[in-house]
Amino acid sequence: MSTSAIDIDREIGNFTYDVKPYRDSGFGLSADTVHYISNVKDDPDWVREFRLKALQTFFDKPMPTSWATKDLEAIDFTKIRYYLSAQEKTTRSWDDVPDDIKKTFERLGIPEQERKFLAGVEAQFDSEAVYSNVQKAVSDQGVIFTGSTEGLKEHPEIFRKWFGKVIPTGDNKFSALNSAVFSGGSFIYVPPGVKVKHPLQAYFRINSENFGQFERTLIIVDEGAELTYMEGCTAPKFTTATLHSAVVELVAMKGAKIQYITVQNWSPNVFNLVTKRGIAHEEAEVKWIDCNIGSRLTMKYPGVVMKGRKARGEVISIALANDGQHQDTGAKMIHAADETTSNVISKSISVGKGRSTYRGMVHIPKHLKGCKNNTECDALLINTTSRTDTYPAITVRGTGNVTQHEASVSQVSAEQIFYMQQRGLTEGQAMSLSVNGFVNDLVRQFPMEYSVELKRLIDMEMEGSVG
Amino acid sequence: MSLTGIIREALTGTPESSPLETQFIDPTSPEWLQTLRQQAWCEFQSTPAPKRKDEAWRFANLKMLELEHYEPASKMDRDTEQRVLAQSTGLAAVAGRMIFANGILLSKQNISDELAAKGVRFLSFDEAIGTVPELIRQHFMTQTVALGSARLAALHKARVNSGTVIHVPKNVEVTLPLEIFHWLDGANSTVFPHTLIILEDNARATVLEHYQSTESRADGLACAVNDLILGPGAKLTYVSIQNWSETARSFQINSTELARDAHATNMVVNLGSSYARYESASRMRGPGGRSDMLAVNVASAHQEYDQRTLQDHAQPNCTSDLLYKNALSDFSRTIFAGLIKVEEHSHKTDAYQKVRNLILSDDAEANSMPGLEILADDVRCSHGATSGQLEEDEIFYLLSRGIPETAARKLLVAGFLNEAIARLENAPIEEYINDFLARASAGNE
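So the sequences go chain by chain: A and B.
Under numbering that gives the first Met the number 0, the first residue of the first sequence carries the number 0, and numbering increases by one thereafter.
Under numbering that gives the first Met the number 0, the first residue of the second sequence carries the number 0, and numbering increases by one thereafter.
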């Protein structure tokens, strides 16, 4: 199998400029590391204590290898740098961003996208946001879009109320790690009734080798407000493992709507172990659109806790696993009020020796009425060496609730390929078209700019996967 | 030393001076069997008990694995024996029947001379050790216990004292079903029923097994193992009906091995026990095999049915089709964890897995974990899990035709379960199961 096309694709983020860090916590993890980060960031006392407590939780918790892949054991926590920053402060203007970093983001097309269709952008380089800007019209409406560090200092009254409430420190080993050493990420607050028309975007860039990125995002959308948030990520290809372990908490108040879109294209040496969860209050909607193309191992199960009546949760997931990759993704739907509905649609494609896994959880506890869940998982296997797994867990209590789960595994039909070849397409083109058809109904739900990009990425991944 | 003491010793790890084997292993049995049992006992002792985090025991109530208070079964009195024999009514026409109570063979209706002349063997475990030791040595508990109960399987191997060995030679068909009863009697009593069925090339047989208690409220422990081995082209229908007392704990480890073009239909009906763990693994050892795995579970009161299944496609061109139906009332709980595993190069696999939960009460809980692990690409695999309740429209339809509500609900539940039962394609057994469930449902009123 030729992998040339795949290499071209990886080149998108595979470059690095030698940026001398302004601050560097050094290798390894201990209470000293946490104090270093807290000192650099001038954390309030409660944050320092929160971090230290989380560090202990991290040390106490075992690796989840009882159910997860043994590949996790390849992470050596002593060989990672937990904090690196290139400059002292986040700037509001591209002109103030240091040249090398500016070059990085320009090469990734971030400023261009900002001009074209975004309401605001934040760009994180290793541990800290280097640039953050939001359109004046949006900030005039009272929308706050800033880094998590600024968020906790400047808006403690909103920040503290929800921080660590959706995802408690002890949720899992990696949420504890993030809670101990978090840095960067976004804080967003949308006031009641404000509908942010254009998406806000964050771009996460890992630039340094042996580095761990631990951004922390907290988004609160108040009553009746609406927000679309998008994140993208890349890293250069290093020979050693890099760790990305984010925590993302979403809060949708009564009647609010949040759409959170991720296009993950880390280089294939990145361990991407992310905890993402949203709370949906009465009649609110939280929708995760999660697309995983890159990384060595991704473990990510976006969740929605439907806390208020008629709340709605949705996860749309696309994963593509190529040689050396394991996309272990899924969804968690926790119904906690009557008449809540959730929907999970997951499509995965395994190419070459790639492995994709769907892991899901649906929980409908006692005495709820009128809850509904629908889960569909479709897996497409391209080569004989490809692998796919499905591990859902569904708990339903009581009458008056309905769940259905369906999964299927298939390959691209030989007839389809033959038909297209008859009409003059090469086998590769036919395969690519077929795979795009497989995910098309999901890709259509993405904002236009993203769906075009995604189609292109899939085309590139598929080229050379046959013959 | 009592079983109590021995289990406690196994749990606490404090060795006792008395040699276990003299307590447990019949010194008159052949040496190889004594060795096997000793090894199994050591294995039981050295295997750690499952922990809460073990995926194979996810959602399960691990308290049910605390077995200290159980004791070896004692011999029953004459009256109970007579009662057991009178109540062992199953199918009207059978090819052979055995009735065991507390591990002792009470009665045997042997197979016809004609079948015996063809080489068919229908033996109790003890008879088999005496007459066909090579068969036992070759097949006794040789299958891997993959679904979590390795420790209980070791206990079974060390303690097994009753059961059946069925051997059908090449090209022989046993038309009528073979029927086996196992009874459990006395408080805190234990039984370890074993079933070994070996069908050679193109052989055919149908086996119905009943697990019953003499008293509906006596606590007891049953740890059964069923090993079904199908040669090329063989066809087996195996049905077990678990109706131990409502306070008993049941562990049943079921394995099926299918050679080329073999076809196994394996059904379990669960009605009794406070906790019933059922593990069923089907392994395709040759191309062209087909395994149908069926379950009908009627859970009520505080019953917990914990079921784990494996459809292991180790060879290409095989089909497996699983349908598990759970009807849950009162405070009952069910757990279904199934896995379709398609190994590398097992192309043209057609595997299907479906669990359907009918929740009839606000306090009932259904847990479903349908899983897939696919390592080959030219396959058709799908699974489905649904949970829901009776349709109001359907009840209304029956009410409008003059059927009272209780009867209407019962009809709908029976219809729901019958979808799995009808897949047996064996009218007398289907009829028996339907009657049996109807009686149980009438008795619950």
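Treat the hints as calculated values from the structure; they're not laboratory data.
Don't take each hint at face value.
[To be verified] With a Cα cut of at most 25 Å, we get these calculated SDA-like pairs of lysine to any residue:
| id | chain 1 | residue 1 | chain 2 | residue 2 |
| --- | --- | --- | --- | --- |
| 1 | A | K365 | B | D125 |
| 2 | A | K365 | B | I394 |
| 3 | B | K52 | A | F58 |
| 4 | A | K365 | B | S328 |
| 5 | A | K371 | B | D362 |
| 6 | A | K371 | B | K50 |
| 7 | A | K309 | B | D392 |
| 8 | B | K50 | A | T56 |
| 9 | A | K102 | A | N268 |
| 10 | B | K62 | B | G387 |
| 11 | A | K352 | A | E414 |
| 12 | A | K365 | A | E414 |
| 13 | A | K371 | B | D361 |
| 14 | A | K371 | B | I394 |
| 15 | A | K365 | B | N160 |
| 16 | A | K60 | B | D362 |
| 17 | B | K52 | A | T56 |
[To be verified] Now the stretches of chain A that chain B is said to cover, found in silico as 3 or more residues with beta-carbon under 8 Å:
| id | segment |
| --- | --- |
| 18 | 264–275 |
| 19 | 385–394 |
Positions of the beta carbon are idealized from the N, C-alpha and C atoms, including for glycine.
Hint check results:
1. K365/A to D125/B: violated (50 Å)
2. K365/A to I394/B: holds (24 Å)
3. K52/B to F58/A: holds (18 Å)
4. K365/A to S328/B: holds (14 Å)
5. K371/A to D362/B: holds (18 Å)
6. K371/A to K50/B: Not OK: K371/A and K50/B at ~32 Å, beyond 25 Å, violated.
7. K309/A to D392/B: The hint holds at about 24 Å.
8. K50/B to T56/A: holds (21 Å)
9. K102/A to N268/A: Holds, because 23 Å separates the two Cα atoms, which is no more than 25 Å.
10. K62/B to G387/B: violated (29 Å)
11. K352/A to E414/A: holds (24 Å)
12. K365/A to E414/A: The given pair, whose Cα atoms are some 48 Å apart, is violated under the 25 Å limit.
13. K371/A to D361/B: holds (15 Å)
14. K371/A to I394/B: Roughly 21 Å separates the two Cα atoms, so the pair holds.
15. K365/A to N160/B: Violated, at roughly 43 Å.
16. K60/A to D362/B: violated (33 Å)
17. K52/B to T56/A: holds (18 Å)
18. 264–275: violated (count 0)
19. 385–394: holds (count 10)
In summary, the numbered hints that this structure violates are 1, 6, 10, 12, 15, 16 and 18.
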